[in-house]
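Asker: Here's the letter readout for the chains.
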Amino acid sequence: MKINTSIFSFLVLSSTLFLRSISISSNDLLGVAPQDELYYKGLWSSGKVKCKDGSKTFTKSQLNDDFCDCFDGTDEPGTSACPTGKFYCRNAGYSPLIVFSSRINDGICDCCDGSDEYDGKTTCKNTCWEAGKVARVELMEKIEIFQKGVAIRKHEIEQAKVSLAQDEAELSKLKNEEKVLKGIVQQLKEHKERIEKAVEKERIQKEKEEKQKKEAEESESKNKVEEKVDVEEQAPVKNNDDEAAILDNYSSGQNLKEVPAELAVDVVKNDHVSLENGEKHDPVDEEVSEVVHGSEHNTGLGSKGEDATKDFESLSREDLGREIGSRWTGKKTDQEHNVNDAKNDFETSGYVHDEENNEYDTETDEDHQHYDDATEAHMDGVGDEANEESSASYNYDPDDDMDMLDMETESSPSWFEKIQRTVRNILQTVNPFQTPVDISEAENIQKEYDEASTKLSKLKSKISRLTKKLGNDFGPEKEFYSLYGQCFESKQNKYVYKVCPFKQATQEEGYSTTRLGKWEKFEESYNVMLFSNGDNCWNGPDRSLKVRLRCGLKIEVADIDEPSRCEYAATLTTPALCLEGKLKELEDELGKQPRLHDEL
Amino acid sequence: MGQILLISLKTDTNNDLSITIKGGRNMSSSSIVLHHFLFLLLIVCHLTSVSSWKKDEFRNCNQTPFCKRARSRKPQHCKLIATDVRIEDGELTAKLMNPQENLDENSLIISLSVYQNGILRMKIDEDPVQNPPKKRFQVPDVVLPEFQSKKLWLQRYTKDGDSFSVYLFDGYEAVVKSDSFEVFVREQSSGKRVLSFNSHGLFDFEQLRVKKEGDEWEERFRSHTDSRPYGPQSISFDVSFYGADFVYGIPEHATSLALKPTNGPGIEESEPYRLFNLDVFEYLHESPFGLYGSIPLMLSHGKSHGTSGFFWLNAAEMQIDVLGSGWDAESSILLPDQKRIDTLWMSEAGIVDAFFFIGPKPKDVVKQYASVTGTSAMPQLFATGYHQCRWNYRDEEDVKNVDSKFDEHDIPYDVLWLDIEHTDGKRYFTWDKALFPNPEEMQKDLASRGRRMVTIVDPHIKRDDNYHIHKEASKNGYYVKDATGKDFDGWCWPGSSSYIDMVNPEIRSWWADKFSYTEYVGSTPSLYIWNDMNEPSVFNGPEVTMPRDALHYGNVEHRELHNAYGYYFHMATSEGLVKREGGKDRPFVLSRAFFPGTQRYGTVWTGDNIAEWEHLRVSVPMILTLGLTGITFSGADVGGFFGNPETELLVRWYQVAAYLPFFRGHAHHDTKRREPWLFGEHNTELIRDAIRVRYTFLPYFYTLFREANMTGVPVARPLWMEFPYDEATFNNDEAFMVGNALLVQGVYTRGAKDVTVYLPRDHTWYDLKTGTAYKGGHAQKMEVTDADIPVFQRSGTIIPRKDRFRRSTLQMENDPYTLVIAVDSSGAAEGEVYIDDGKSYEFKQGAYIHRRFIFSDGKLTSVNLAAASSTSSFVSDCTIERIILLGYSSKTKSVRIEPSNHATDVELGPLQIRSGVRSSALTIRKPNVRISDDWTIRLL
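Sequence lines, in order, name chains A and B. Residue numbers for the first sequence follow numbering that gives the first Met the number 0, beginning at 0 and rising by one. Residue numbers for the second sequence follow numbering that gives the first Met the number 0, beginning at 0 and rising by one.
The hints are simulated quantities; they were obtained by calculation from the structure and are not laboratory data. It is possible that some hints are incorrect.
[To be verified] Each computed EDC-like pair below joins lysine to aspartate or glutamate, with the alpha-carbon atoms no more than 16 Å apart:
{"#": "1", "chain 1": "A", "residue 1": "Lys85", "chain 2": "B", "residue 2": "Glu407"}
{"#": "2", "chain 1": "B", "residue 1": "Lys404", "chain 2": "A", "residue 2": "Glu209"}
{"#": "3", "chain 1": "B", "residue 1": "Lys671", "chain 2": "A", "residue 2": "Glu561"}
{"#": "4", "chain 1": "B", "residue 1": "Lys752", "chain 2": "B", "residue 2": "Asp785"}
{"#": "5", "chain 1": "A", "residue 1": "Lys581", "chain 2": "A", "residue 2": "Glu140"}
[As the list claims (entries may be wrong)] Covered, in the sense of this in silico footprint (three residues per stretch, anywhere, with C-beta under 8 Å from a C-beta of chain B), are these stretches of chain A:
{"#": "6", "stretch": "44–50"}
{"#": "7", "stretch": "72–86"}
Beta carbons are placed, not taken as given, at the ideal position from N, Cα and C, and that holds for glycine.
Whenever a hint applies, use it, and build me the whole structure from the sequences.
Answerer: In structure tokens:
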């Protein structure tokens, strides 16, 4: 092997020098690539040459004699005798091609110069010149795109660096604010608790006085309280993680049960999300109940789980046919679909939730616009072309960044100072040791405490989300930063495919959305975006999508396909893939081509 | 909501589930219950999808009254005696009657006729003079018309006591015993029995009668009611096979090759082998349950007699018990002291039309059977290559892509298949215009590289007034009728569907015309057909098939011909393909349902198997059994239809299936793609190798297909067929023979590092890859790698190969041959090659090359086997490029070739030209003699 390599490199270096001096007709070296010609030269000088794999030697008369002597096909470059052989077509006017030995004299023209069909049974037209012309035009077009793309890419990378620096600055600022705010909240909390203690003391006093009078009534009211607690306890059960997190923020250092009644109401109110969410879940619940109903009526056509016990007797003949047929198709009628959908909704309700969240924030938070503007500002210049010309792209509010909407980037110093001032005032004026407690002052403290806590929890989620954003892999040169917060659509027949880098990919049909995958990572050295763990397929895998990236001036999704069941593929063109190195390769390739003016 | 949950759960008998939910009900929050419920529901869905065998949906013997009745009868139940024994029309006839009853009532007529080469045919039917209410159904179109010409006209019988015997074959006679009634075949000289009928007196024939008041004839199963207007009409009897160690045959069951006993002492709860064509979702291996096709032919084989066979031509539901020894211990029946296997045959309707095949060699029985029902059609050469199928290749682009990937990876294949989704709404003979806008161009493009396409055409016709097939069929009354006389309306892929009544020759002819290029728009000469769902599958019918009281042409009830329905459909389709090319092109039609005679019309596969090792394992006995019962061109879906095979299983499947007659990869639409190149470079190479090995052996396979076509001897054979004297082979169904020369041992387990191979005795076996010689006669442990499975060439054989690789069979046409000679202990070997144009019927006029190669005394001779005078001829310029000698020790350096009188070299060369193969064998380099010529090559 080692010997072979050295021979080979020698050959490459000296091929042009020697070859012309020896008279070997091209017929003798049929199917041999130019860089290999010297290897075979040995047959003329020494009469024998080793097979490239070293297994044995062969003579000049054994070269292309239509009998396989070398396992690796060295002796039969121009015939079909060796199964592993390769045939080299020169294809003058176009690119040379190496074809399998199985193609030689098989009646099919594989080389554009027709050199693979030489037994006289098949006539091939030489189509190399035309093919070459087309290829050269394509190559030049590609080069042009690359040239422009490389420039856009450079710009994007610079822009991304600026934006990232801004994000980081923002993050550290937020962290500072968080620290201060934490202190305030703590102070307010202590203050509040002192007041509460005082109030509690007064209450106990009062109770003692009224105890004898109102024994019967008291037991009644106690019952009411218990009921209320029950209701409140249910909310967290329905909520999922995000809400739980929010609740956690609220109750940090506090047991929910200890929250005084008024405050508890506030929790519920502030936790609008969870309520909304609960409501949002209801339709899902109904859907599910429909499924169950459906199973009853149609004796469970919908689910395979019920097959085993299905009461066929009660099925209409049509339904029975459908039912049995569905075993093979897996099209478990609409109900099955619903079950799956319901399940998916259930599992992924985070998404439903987020969208709800959006609405809520949009309605209530005027700062929403700020972020959008900011995002757009980021986009400006990143690729005007990309954004404006690609009708199929738009910005999304990165799902879990919703709370960043009240980031109040510019105005924050004002609210921040304001809250600091207010709290200072309150703490100075309110005297917790005063008896009886000044109710209005106590309320004031309570209010300020609530406000500050809310702000703090929002601030916390802002920080976590910004941290998460910055945790994304935007590529070695951050060239994919601009794709963050954008979605790209492609319509295919009845489906709309939506690819949102760093977030998710979906397939939409009318009002139904199927998730093809959640953002996972880049693959194949940033040539592929992988979205995985999408909605599950019946009897199949979780859906997934691989997006192959290509150099292009516009960001566009195309060629959506499902090469294997529930494994999707698509391409996305982006300037981020217009690499200088590749441009160089293309230019070199063009350089090797016959000059265009030769053709004219 | 909780309530709804509970109601829905009542329909589910899964106890675990309902218990859990009851617990859930006590929780205060309904949403928790809901959440749990969904979760559980999903789990249940998942679990049941793993084992979806729906036992309850199919009748077992106890739920099948005729089977239950027959099984409960005790030996000596039959009280009939044979009277009026005489010779009439060259047959022995008699009346069967019960002496205790009125003699003129309820008598049956029995007739025995004898045919060339050891075949006895016995018919028992009602006596027409008694005017039975209806003529019982006798299956037409199965027995070859020319079979009649083989009838030996009996002149006389010999009477000995109450036994009447007639000549059957040289050394054999058939005997009818009058009282108690019994029929048997025996050796004349020794008196040793071969086969007997009713020796245990279990014969019962329920005669048709007029319904009397109070007769309850209806039968109910699940939600279905069978009106049974003619009442009980079943037939049952016992058959004994003498000298038998094992019995085989009666497909289709996913069981071992040697049939296990199903009833008798120590056998609990076993069902009889059922023959009832059914579309079974995810069938089980190791089950006597009846699958898609039925052939009521049983063979027996044993050391003492050899082989015999019994075939009952009857298309109604049949159940067959193989009785374990000692089953008749309580009866007082005394039979000759011979080793014996008893069987019980039961059928719901029809007549007794039974054939006794005396053997005595395994190949004699299959030939005898073939002389009754025909030999396998000669396939086109392309059909013997590799087929690539999937439910579904989505559209033209998908087709183009898959096709080009084969070329990209240099993997040969011949046929690309389209399943039901290619049609416009499951209307067969149409195309989905969006997915397949240019079907003709697509087929022509494939054809330009020598490749064919197969599309699916099923017998259920969408009831859609805008569908031309439905319009014509309903207008002309071409559909099967329901019990009330209306067009039967069942549910299948297209939804509401009716079923063409293919029993009627006129309708078959109409159907056949639908395959003309003008009628089947978008079809081209390179398009062939796949018949699926022809059991027939009726999703909302009893046991997923047609009600037994549905009516066919000639007022035949579906119960009477159920098992032949798919056969007629296959026949009509096959005739359609013959018609469209004016009888010049051999048809290719794959069918799932089958019946005796199917071999004349095409290919079958073993239906919807599963991607499991056990299913790979059972595919071998299933295919061998089909071969034994006439259908040699059969295969199983490579990889398993349902589920995703692990890569190792897929590779092993390719390696085994490459040696089985019909070689097609197929997969359910919910499975992951599994084309050969999708499992990494190494596995692509392994699969490519497996497919290429098949292609190198195609000259040998094609020669074997011709042998099957001429004689009925199958391509893939159980070991005992080739080595009937070697007891160790009798129940071996892990290994099989391809022809008489190749022994193939499958690997059926995950991660196998070695495998135990039994090589039959009295032969030397040469490992195909290493050339290593093994002495036969004992089981030996052999190392295996993932690269291939153990395959051996038997000493004394010569195998023709084509060692060059091409895209498909078409491009191999002019490639030279390699001969591999494995000499026996006397230094001799023999083999054959058969070649024709690979597609037309010209071979019937003599346009073929058939050579025998004889090697002995260091001399190889090619002898012509083709008929001397022929009206047509076939020419081939192919030469032999290489002759490999195994087991021949000689220091010879060259050979002399006659008559050209030139010499060529002998050297050491590879046994196979494959990377990684480092074996070497004595190789005659470039003899370049023509395959079609007479020549002799002498080793010097």
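Asker: All hints, please: hold or fail.
Answerer: Hint by hint, here is what the structure shows:
Proposed proximity of Lys85 (chain A) and Glu407 (chain B) is supported: the alpha carbons are some 13 Å apart, at most 16 Å. Between the alpha carbons of Lys404 (chain B) and Glu209 (chain A) the distance comes to roughly 91 Å, so the proposed pair goes past 16 Å and is violated. Of the supplied pair hints, the one linking Lys671 (chain B) and Glu561 (chain A) holds, its CA atoms being roughly 11 Å apart against a limit of 16 Å. About 9 Å separates the Cα atoms of Lys752 (chain B) and Asp785 (chain B), which keeps this hinted pair within 16 Å; it holds.
In summary, the hint linking Lys581 (chain A) to Glu140 (chain A) is supported, as the alpha carbons are separated by about 14 Å, within the 16 Å threshold. Residue count for the stretch 44–50 of chain A with a Cβ under 8 Å from a Cβ of chain B: 0. That is fewer than the three needed, and the coverage hint is violated. Counting residues of the stretch 72–86 of chain A whose CB lies closer than 8 Å to any CB of chain B gives 5, so the stated coverage by that chain holds, three being the minimum.
Going through the hint list in order, the structure does not satisfy hints 2 and 6.
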